[in-house]
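Asker: Using the sequences and the accompanying hints, generate a full structural model.
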Amino acid sequence: MEIILTVNKQSRKVEVRPAETLLDLLRRLGYKSVKYGCGEGACGACTVIMDGRPVNSCLILAVTVDGREVTTVEDLGTIQKPHLLQSAFVESGAVQCGFCTPGMIMAAKALLDRNPSPSEDEIKEALDGNLCRCTGYVQIIEAVRLAARRMKAEKKKN
Amino acid sequence: MIPFNLVRAESLEEALDLLDRQPPDVKIIAGGTDLLVELRSLSPREKGPGIVLDITPIDELKGIEDNGSTITIGPLTTHREIAASPIIREHAPLLSTACSTIGATQHRNIATIGGNVINGSPAADSVPALIVLDAEAVFKSKNGERVSPLKEIFVKPYRTDIKEDEILTALRFERLPEGARSSFIKLGRRNALAISRMNIAVIIVLEGNTIVEARISPGSATPLPDRIKAAEKILIGNEPSEELFRRAGKEVSGEMINRSGIRWSTPYKQPVIAALTTRALREAVEKR
Ligand SMILES: Cc1cc2nc3c(=O)[nH]c(=O)nc-3n(C[C@H](O)[C@H](O)[C@H](O)COP(=O)(O)OP(=O)(O)OC[C@H]3O[C@@H](n4cnc5c(N)ncnc54)[C@H](O)[C@@H]3O)c2cc1C
Ligand code: FES
Ligand code: FES
Numbered sequence: 001m002e003i004i005l006t007v008n009k010q011s012r013k014v015e016v017r018p019a020e021t022l023l024d025l026l027r028r029l030g031y032k033s034v035k036y037g038c039g040e041g042a043c044g045a046c047t048v049i050m051d052g053r054p055v056n057s058c059l060i061l062a063v064t065v066d067g068r069e070v071t072t073v074e075d076l077g078t079i080q081k082p083h084l085l086q087s088a089f090v091e092s093g094a095v096q097c098g099f100c101t102p103g104m105i106m107a108a109k110a111l112l113d114r115n116p117s118p119s120e121d122e123i124k125e126a127l128d129g130n131l132c133r134c135t136g137y138v139q140i141i142e143a144v145r146l147a148a149r150r151m152k153a154e155k156k157k158n
Numbered sequence: 001m002i003p004f005n006l007v008r009a010e011s012l013e014e015a016l017d018l019l020d021r022q023p024p025d026v027k028i029i030a031g032g033t034d035l036l037v038e039l040r041s042l043s044p045r046e047k048g049p050g051i052v053l054d055i056t057p058i059d060e061l062k063g064i065e066d067n068g069s070t071i072t073i074g075p076l077t078t079h080r081e082i083a084a085s086p087i088i089r090e091h092a093p094l095l096s097t098a099c100s101t102i103g104a105t106q107h108r109n110i111a112t113i114g115g116n117v118i119n120g121s122p123a124a125d126s127v128p129a130l131i132v133l134d135a136e137a138v139f140k141s142k143n144g145e146r147v148s149p150l151k152e153i154f155v156k157p158y159r160t161d162i163k164e165d166e167i168l169t170a171l172r173f174e175r176l177p178e179g180a181r182s183s184f185i186k187l188g189r190r191n192a193l194a195i196s197r198m199n200i201a202v203i204i205v206l207e208g209n210t211i212v213e214a215r216i217s218p219g220s221a222t223p224l225p226d227r228i229k230a231a232e233k234i235l236i237g238n239e240p241s242e243e244l245f246r247r248a249g250k251e252v253s254g255e256m257i258n259r260s261g262i263r264w265s266t267p268y269k270q271p272v273i274a275a276l277t278t279r280a281l282r283e284a285v286e287k288r
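If you read the sequences in order, they're chains G and P. Mapping of the first sequence onto my numbering: residues 1 to 158, in sequence order. Mapping of the second sequence onto my numbering: residues 1 to 288, in sequence order.
FYI, nobody ran anything at the bench for these hints, they're computed from the structure. These figures come from a predicted structure and were not determined experimentally. Cβ coordinates follow ideal geometry from the N, Cα and C atoms, glycine included. Be a bit skeptical, because a hint or two may be false.
Some residues of chain G that are not near chain P, with every Cβ distance over 12 Å (derived) [said to hold, decoys possible]:
(1) T6
(2) R12
(3) K32
(4) C38
(5) N56
(6) T64
(7) G77
(8) I79
(9) E91
(10) G93
(11) G98
(12) P116
(13) M151
(14) N158
According to the in silico footprint, chain P covers these stretches of chain G (three or more CB under 8 Å from chain P) [to be verified]:
(15) 13-19
(16) 40-49
Answerer: In structure tokens:
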């Protein structure tokens, strides 16, 4: 089946199998930041932003993404010019093995896009669907807070 | 995942036509958060559905309507939409709370209330709230419409009485009356991802300081969702008090054992459901 979707602001026409998930499709197209953790909605490693909201790409059939817009970590920054969330994660020690990181960052980005000054509880709630086996979460929450502060400061400057 | 064909229905009519033509082989998909997990768990040798019918393009199955007395929710409405809806927050706040506890943000953005109901899990969080709201379920098929009290559609855990050619097209209930107070409390191992093992939905209506109406439904406690009339009776005609709420809580846990029998989990569940009930009643009275 042929669908047209927008990935990271780029429109793409692709052929998909009926049983293919959005996760499978994104990885097949080369967006390897999107991780396969559990395949059943329990870990958040496959989190991407679809039409402005975080979703688990492992629980969405690719066919149903026809006409929609998807954003992955590849759209945020590069090694030379990281997004403020990315640098905050690195500086706060919120990355160890890194497997959960893209999903965490997309969940955090979706939060900050809607709520630039979240409380600690709001951050915890937004990341509640994302598991990390390494860091213990404290650094991750700190990283989101740091990024939020910097993003606000940046906005004021502009 | 095992292979299947996929049909995207653009209209209710198209979906009902398809179900009418080949019922046994078709499986409806809405948000997919239950169905895809189920399909993924099938081994290649097991038989899955031949056709998965995607109903998400059908607009008439989405959204929340309030005609001044009855509130109608389309089955494709997501938990996020219900949790955030001003109509639901005002006239059925416990349903908004229940939906806000389902899964994580990522699930609430795509998972639907229709899927939650039809999946038939005893732990489905929206169900006890809908049960105390005395909700009705509306089904449509090529042959017409069927309306049933929600409570009656549950046959056994993970099984409702939906026919192979039917689609759930609406859930509806009356606005809570003036003076009604409600509460929904969920107990989970972890906040979001643990599917709730127990929850409780309560509504009480006060006239002056007397309870004139009470509705109580615990989740994950009885094999089938239901109101616990014996506990409701204890409350009616009395003034709210901690003592009264404790007695009602005890009655709920007693009724749980009557219906489910003694199981390995009973020593844990029995005091917990009693305490949850008491807490929900207290919370309901303290609100507003
Ligand atoms: C990690 C995780 C955590 C979860 N946490 C919770 C939780 O805390 N609380 C909770 O209650 N649930 C939880 N769930 C379960 C699930 O997310 C909910 O039950 C959800 O509401 C299902 O809706 P859906 O739209 O995704 O359903 P689907 O998976 O699309 O459908 C579920 C079933 O309903 C049928 N169906 C759907 N819509 C209709 C319709 N309109 N007419 C007829 N049949 C229909 C489908 O054929 C299927 O059998 C969780 C799931 C996961 C994966
Ligand atoms: S891979 Fe999607 S939630 Fe774990
Ligand atoms: S850094 Fe390893 S899982 Fe989070």
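Asker: Which of the stated hints cannot be reconciled with the structure, identified by number in ascending sequence?
Answerer: 4, 5 and 6
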